[in-house]
Amino acid sequence: MPDKIFLTVIINGVLIAGVYALVATGLTLVYGVLRVVNFAHGEFVMIGAYLSYYLFLSGIPPVLSLLFAIPALALLGLFLQKFLVNPVLKAPEINQILLTFGLSLVLQSIALILFSPEHVSVRTNYSSLPINIKSISFGAARGVCFFMAFFILLLLHYLIKFTDFGKKLRAIQEDKEAAMLRGINAQNLYYITFAFAASLGGIAGVATSVVMYIYPLLGYAFILKSFCIVILGGLGSITGAMLASLILGVSESIVGFYAPGGSGWGEAVAFILIVIFLVVRPKGIFGSE
Amino acid sequence: MVSRKTLIFWFFSVIFAGLLPYLISLYNLHISIYVLQNIIIAVSWNIVAMTGQMSFGTAGFFGIGAYTATFMWELFKFPTILNIFLGGFLAAVASLIFGLICLRMRGIYFAVTTLGLTEALRVTLIMVHAISFRPLGTSVPVMFGGLKQYAYYFILIIGLASIITEFKIMKSKMFYAFTSIRTDEDGATMIGVNPTRYKIIAFVISSFFIGIAGGFYPFYRGYIEPAAVFDVSISIVGIIMPLFGGLYTALGPIIGAIVLTILSEKLRFFLTANQLIYGLILVIAILFMPKGIVGSINSLREKYPFLFPKAM
Amino acid sequence: MTLLKINGLTKTFGGLRAILNFDLEVKKGQIIGLIGPNGAGKTTIFNLITGFLHSDSGVVYFKDKKINNLKPYQICKLGISRTFQLVKPFLEMSVLGNVIVGSIYGKNEKKISLMNAEKNAIEILDLVKLMSKKNVLASNLTYGDKKRLELAKALATNPELLLLDEVMGGLNPVELSEFMKIIKDINYNGITLVLIEHVMQAIMELGEEIYVLDHGKKIAFGTPAEVSKDRLVIESYIGKVD
Chain A
147 MPDKIFLTVI INGVLIAGVY ALVATGLTLV YGVLRVVNFA HGEFVMIGAY LSYYLFLSGI
207 PPVLSLLFAI PALALLGLFL QKFLVNPVLK APEINQILLT FGLSLVLQSI ALILFSPEHV
267 SVRTNYSSLP INIKSISFGA ARGVCFFMAF FILLLLHYLI KFTDFGKKLR AIQEDKEAAM
327 LRGINAQNLY YITFAFAASL GGIAGVATSV VMYIYPLLGY AFILKSFCIV ILGGLGSITG
387 AMLASLILGV SESIVGFYAP GGSGWGEAVA FILIVIFLVV RPKGIFGSE
Chain B
8 MVSRKTLIFW FFSVIFAGLL PYLISLYNLH ISIYVLQNII IAVSWNIVAM TGQMSFGTAG
68 FFGIGAYTAT FMWELFKFPT ILNIFLGGFL AAVASLIFGL ICLRMRGIYF AVTTLGLTEA
128 LRVTLIMVHA ISFRPLGTSV PVMFGGLKQY AYYFILIIGL ASIITEFKIM KSKMFYAFTS
188 IRTDEDGATM IGVNPTRYKI IAFVISSFFI GIAGGFYPFY RGYIEPAAVF DVSISIVGII
248 MPLFGGLYTA LGPIIGAIVL TILSEKLRFF LTANQLIYGL ILVIAILFMP KGIVGSINSL
308 REKYPFLFPK AM
Chain C
0 MTLLKINGLT KTFGGLRAIL NFDLEVKKGQ IIGLIGPNGA GKTTIFNLIT GFLHSDSGVV
60 YFKDKKINNL KPYQICKLGI SRTFQLVKPF LEMSVLGNVI VGSIYGKNEK KISLMNAEKN
120 AIEILDLVKL MSKKNVLASN LTYGDKKRLE LAKALATNPE LLLLDEVMGG LNPVELSEFM
180 KIIKDINYNG ITLVLIEHVM QAIMELGEEI YVLDHGKKIA FGTPAEVSKD RLVIESYIGK
240 VD
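Protein chains in written order, with our numbering: chain A, 147 to 435; chain B, 8 to 319; chain C, 0 to 241.
None of these hints come from the bench; they were simulated from the model. Any given hint might turn out to be false.
Said to hold, decoys possible - With a cut-off of at most 25 Å between alpha-carbon atoms, the simulated SDA-like pairs for lysine to any residue come out as follows:
| id | chain 1 | residue 1 | chain 2 | residue 2 |
| --- | --- | --- | --- | --- |
| 1 | B | Lys180 | C | Asn134 |
| 2 | C | Lys70 | B | Val211 |
| 3 | C | Lys87 | C | Asn20 |
| 4 | B | Lys180 | C | Leu90 |
| 5 | A | Lys314 | A | Pro217 |
| 6 | C | Lys216 | C | Tyr236 |
| 7 | C | Lys87 | B | Ile115 |
Hey, can you work out the whole structure from these sequences and the hints?
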């Protein structure tokens, strides 16, 4: 009979993995389709989180603020894609990394100027509510978070596997030249994908606002973990990202509970996972390169 | 092989640098020390960049240098300069180990892993302090009893050493290996170059100097804490300065360090402005001037082949 | 003396058998031709010899030493160099710089000084007639010149065995006869050559023995005269004649 506490730790890890998966999926999509490394991806989450917070202060619950966050971030994504990402699509990877890194610094700075560096959060009536299932307990907020993420990812899975749009995306990911020869308009798909990834980040941000503290450098905390997940799961693989998110979420939870000092070790866990994995299997679980 | 004009330039530069403490105010001397520290970091990062690796781990080795030096003082009460060199030495060893594991990775994998290393180290040190109930900040005796002049000369010598190393590398056989690896790693390996070997050499040399700069920090400031020495902005600075001044060139990192350090000191409203400017520089530089200042000038002077390091 | 010997080389990609049971023998001083329709696996064989790919089974012997699991740079230092079909010069370096890399890191690495490497590089540039462009940035070269540079780079490593992959593809008749002369000179100076070629005129004139590859299998072997009359060879190029 597995230890109830251990199960609780695992379940909590799984729940947070949902949000991680949302963020990582956006990142890996952008890499898979555009072959661009977007260091500023975490900032989408931060923006979504603050949107949720300020809308909440105006009386709009997080679940509804999704309706604002999604288009807002999609628009931001389109804007960034056109002016910043397009020019470096064919540039060496170094340029892409530096450009998007610079972008993340700019966005973080703007956030620091606009919002106070204080940590805030969205406190709904279910925020502090614990749920008990057979004496395994977790926060209701985490549950809501997870289901939001799960639902969206399911939708995404359906989209990619079964729709025309998804087929085109996969075609470009596998072989851009061949796809273009078949008449697929790569440029349009780039815009759509990037905007899509931005919205995914925004959704994750809204979800996060309910569970975690929000602060201007939130994106930075997410980006490292997201890269870890994407590398673990294989650059470009969505399934890999989901699996790796689970691994990271659960590992963090276990370390957070059992290691002396608790959840402070978060980043270290991500890093150690990466190193172990990259040494053993350089292409990730489902790496496509 | 070195032209007379070049020798004269460097001769007078060194003289000028040597006389600096007598020419300027104490506050400006402090900035000059900061400039030299950044020159060391920028030049070192540039050396690794020459092999095509993008390191976000500068702060990690800086911090290792800083904590090693502090630790050596706490445990053994060695003289300050020895502590600092031990810091550099340990940073080099750490980079060797890390490099053997991770330098096979390219591009984004390597960048993220080095970033992760820095964060993991920062977090580890914070946790170590927490678990052993030590306060996060530690006081350290200031070198030379607080006489900034001598601290300046020390860091000046290290700075010159790093510059000389960079120039020597660029004039050596090894530079051809570095450049070929950066340009086309597979092509390089087919022509007899062992990529991992040279990446590691560059990485270790670079980390040694970064570690010394790191070791210098606590003994100059008088204190140390994880957030300060593992601060990701150290890594950022190491990237922006060579980029701004001219990536892969000899003078680029030096010019970038001097200009940007002085600029950021003069425009010091609060920390956020710094970060915003760094970000904007990165974005604008990549979009409009990917070769940096020196690089753009070099492009204009295309009659000289790329391979010979230009001192002027 | 046998320089290169390949026994039973096999390589599969996923489910696709790229090379099946390939045998080859090259004696010192020979010029060997390797021909076959597109996709037959010729470049794959070069990749397997030079360590760029790992074989599934089979052995490659160079001077009686098994070289299967060595890394490309180690194999280069042993004395095997190759050119790429899709030319890959170091674009950020000058022509001279490109060749110097080969001079330094080829077979001579331990002993050569930078000055001597440069001298060596200049000699080679003279041989392939690129001297006038030695300071030009590699990315600014014409296609034909890039091919010369590719050859120069490989020569600079001081190889005993040189593998040339379609080095004469896309050349005009003047360049073609120049290259053929250069190759004859190289061979005359003691370098053994294996040439992958589609330019039939070149291979028939230069090659002493020809191997024909189709769908990863050796389908014919012999002198140029023998091979050009072989029914299987003709069919593989033109399609079945009934």
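Straight-line alpha-carbon gap Lys87 (chain C) to Ile115 (chain B), limit 25 Å: 23 Å, holds
Lys216 (chain C) paired with Tyr236 (chain C) [C-alpha distance capped at 25 Å]: With a Cα-Cα distance of about 14 Å, the restraint between Lys216 (chain C) and Tyr236 (chain C) holds, given a limit of 25 Å.
Given hint Pro217 (chain A) paired with Lys314 (chain A) - CA-CA distance at most 25 Å: At roughly 22 Å apart (the allowed maximum being 25 Å), Pro217 (chain A) and Lys314 (chain A) satisfy the hint.
Agreement of Lys70 (chain C) and Val211 (chain B) with the hint, judged by alpha carbon distance not exceeding 25 Å: Within the cut-off at roughly 23 Å; holds.
Proposed proximity, Asn134 (chain C) with Lys180 (chain B) (alpha carbon, max 25 Å): 18 Å, holds
Restraint check for Lys87 (chain C) with Asn20 (chain C), where alpha carbons must lie at most 25 Å apart: Since the Cα atoms of Lys87 (chain C) and Asn20 (chain C) sit roughly 30 Å apart, the hinted pair is violated (cutoff 25 Å).
Satisfaction of hint between Leu90 (chain C) and Lys180 (chain B), Cα-Cα up to 25 Å: Distance of about 19 Å is within 25 Å: holds.
Consistency with the previously given hints fails for number 3 only.
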